[in-house]
Amino acid sequence: MSEPETATGPLAGVRFVELAGGFAVATTGRALADLGAEVTLVMRSSSDRGKVLGFLDGGKRTLSVADEEFPGVAAGVLTGAFGVILDRSADPASERLALGSGAAVVLRFGAEPAGRSAAAVIFHRAGQSMIDTPGGFPVAPPGNLPYYDAAMTGVFAVLATRWSTSDAPVSEPMVVDITAEDVELAHGRPDLTRAAYEGGSKERDPFLALFLRCRDGELAAHVNHSYWSDWVYIIGKPELDADPRFASMADLLDHQAEAVAELEDWCEKHTRDEIERVCQARGVPAGSVLNPGEVASDPQLVHRRFTNESGWPAILPFVLSEGTRWIAQDRSKPDLRLASELSGSAP
Amino acid sequence: MIGSLPLLRGVRVLDFTWIAAGPSGTLMLALAGADVIKVESRAKLDNYRKNFAKEGDVDRSVLFASVNVGKRSITVDAKKPEGRDLLLELAGRVDLVVENFSPGAMERLGLGFADLSRRNPRLVMVSSSAAGQSGPKREYSGFASIFSAQGGLAAVARRPDGTPVRFSRSIDSRVGTAIAVAAMSGLLQARRTGTGLHLDVSGQEVVAAAMGDVVAGASPIEPSGRCFKCADGWIYVEAPEDDVAGICSTLERDEAVSVLRAAGSSVWEVPETAELLPARGEEPPPPWGSVAHPVMGTFVSIGSPIRWARSDLVETSAPPAPRLGEHTDDVLVEMLSDQVPLVDAARSAGALR
Chain H
1 MSEPETATGP LAGVRFVELA GGFAVATTGR ALADLGAEVT LVMRSSSDRG
51 KVLGFLDGGK RTLSVADEEF PGVAAGVLTG AFGVILDRSA DPASERLALG
101 SGAAVVLRFG AEPAGRSAAA VIFHRAGQSM IDTPGGFPVA PPGNLPYYDA
151 AMTGVFAVLA TRWSTSDAPV SEPMVVDITA EDVELAHGRP DLTRAAYEGG
201 SKERDPFLAL FLRCRDGELA AHVNHSYWSD WVYIIGKPEL DADPRFASMA
251 DLLDHQAEAV AELEDWCEKH TRDEIERVCQ ARGVPAGSVL NPGEVASDPQ
301 LVHRRFTNES GWPAILPFVL SEGTRWIAQD RSKPDLRLAS ELSGSAP
Chain R
1001 MIGSLPLLRG VRVLDFTWIA AGPSGTLMLA LAGADVIKVE SRAKLDNYRK
1051 NFAKEGDVDR SVLFASVNVG KRSITVDAKK PEGRDLLLEL AGRVDLVVEN
1101 FSPGAMERLG LGFADLSRRN PRLVMVSSSA AGQSGPKREY SGFASIFSAQ
1151 GGLAAVARRP DGTPVRFSRS IDSRVGTAIA VAAMSGLLQA RRTGTGLHLD
1201 VSGQEVVAAA MGDVVAGASP IEPSGRCFKC ADGWIYVEAP EDDVAGICST
1251 LERDEAVSVL RAAGSSVWEV PETAELLPAR GEEPPPPWGS VAHPVMGTFV
1301 SIGSPIRWAR SDLVETSAPP APRLGEHTDD VLVEMLSDQV PLVDAARSAG
1351 ALR
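As given, the protein sequences belong to chains H and R, one line each in that order.
Residue 1 is where the first sequence starts when you use the numbering used here, and the numbers rise one by one after that.
Residue 1001 is where the second sequence starts when you use the numbering used here, and the numbers rise one by one after that.
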């Protein structure tokens, strides 16, 4: 499997400016770079990007500029750019420059809570932590998932704007505003719409999403009544297919604990991989619960070259049918010459 | 209202997606103005129509109605040769095909990318599946809870007793965003090169990418805070002290928040699902909007979370989710008026149902 030249990607030749911001801004810039765009990241030399943002800055031309030179450099870089990405209100002067720069699209991420828990707070406030288990214990994942979600939505918005916009200079940009909280709320659309329509009552889903203990970990299994019939043969207890406790999906739901006990009695004698293979060979949806540290070495993701040599995952979760993945070439060296030209000072 | 914008006006999509993930993606295209033509069949109903139909009415499913706003519906039985031939002809006249069946299903119907691109060399196709169209697990079937397990999310989102939290339709929605991004990427590439292409979205990769910084070991897997139960609901506290649980158990949320903030803690209320719903009888705040459905009546749902602004941009009301096959005749007249024998053959064979 090979990586294509990003000069041939869908955004080849299209210039974007990323005014240094948080995770959502950096992820968007990285995704656009992966799609072939020439992304110039303008950041203040006093800022510390850290490990995560440092990875997301790969594939971009990076200008590290002294605070007093920032406005002048930003203004120069913005000239001729198709799009600008920034955190709203982080730097009002730069935002005004972006809006008046002639760029066709200005993508603003904004109004998020601050602090270490910001991502978790957004996840909770948008109802994502209880959307699938109302009345259950609210849990937010670690990391920056809501900001990744916001970035992917921002990428869609930029691409849709690109589709509808020519390369001619514009007198007025498309201003796109995205908040991670709205994006997370929208990810709850089916369940929230249902809750609003049904007045808060919730019929049970006609399936079980189970986590079964295995000899070496856990297995996720999606069990409807048809798959239950497969499971009882897999575990060597075909008589359970006629057991009145499990006669219908409603019965399965009523006797969920007993069903799980039957399955786990067998699963605990086998490894996750064994069970996954046996189930999938029969067309039964099941998959090992992988710890984050195991994900990169999953054979499926290895085959699809999901992570690079340094173990960093892809931003865009798709490949072209021949197996190639759009990935930005590394342009991460600061371009001191360009910075000096723009600011009028010697390098 | 749930609004639609004309950004993708003129883009025509033949939409084979079903249930949750695929339709969430084509919903984004529809709300951006694309003409999304949903291919359905009475011979194999979308699970959201079949399993969630009120009073057995397949046009009365709130889940279906929530993710299919703005689309048109045609009924064509792709398993009949006449139906397949009609779909091949339609594929020759659209910009984009999207599907989320198990890998190989479209090929077995004679509607794989090789079949469609022979008819339409500029066609873009997006296929979405549990693990992708290539690799040792390419034939794996899966649902959202499986993707969340295989992408590293289930392992780190656990209750205090250690049980993983189930994430279902919200994960499907995230796959939908990936489908929409892949679709737009493909359309732009095809426009640039003049040649179509096939893009392959993996549910497992969607979750793993969203957890990317954790998968890479760059962000800790231990949360910096946790939730506590108060008398009337939950709060989230960053770096909680040992006595927080005791404080919360005797207080209502707003009291607990006040007490803890006064003591210097970072704390937030965690809303229950019911608290996120707009008040009945009032205009719902964005991204919520009203939908007027001919069968289900008027209800509220969630539109696009993207706020677009440009003075020439006019937002119109997106039509409600279609009734089954509602637009079959219209689409055939509009797109295949020069193929009367083909349409007649499909109708005679019972393939338009």
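These are calculated hints, taken from the structure and not from any lab test.
Cβ atoms here follow ideal geometry from the backbone N, Cα and C, with glycine treated the same way.
Errors might be hidden in some of the hints.
Here are some, though not all, of the chain H residues that point toward chain R, as calculated from beta-carbon distances under 10 angstroms [stated by the list, open to error]: (1) 9; (2) 183; (3) 287.
Hint check:
| no. | hint | result |
| --- | --- | --- |
| 1 | 9 | holds (7 angstroms) |
| 2 | 183 | holds (5 angstroms) |
| 3 | 287 | holds (4 angstroms) |
Figure legend: structure checked against the earlier numbered hints; every hint is met.
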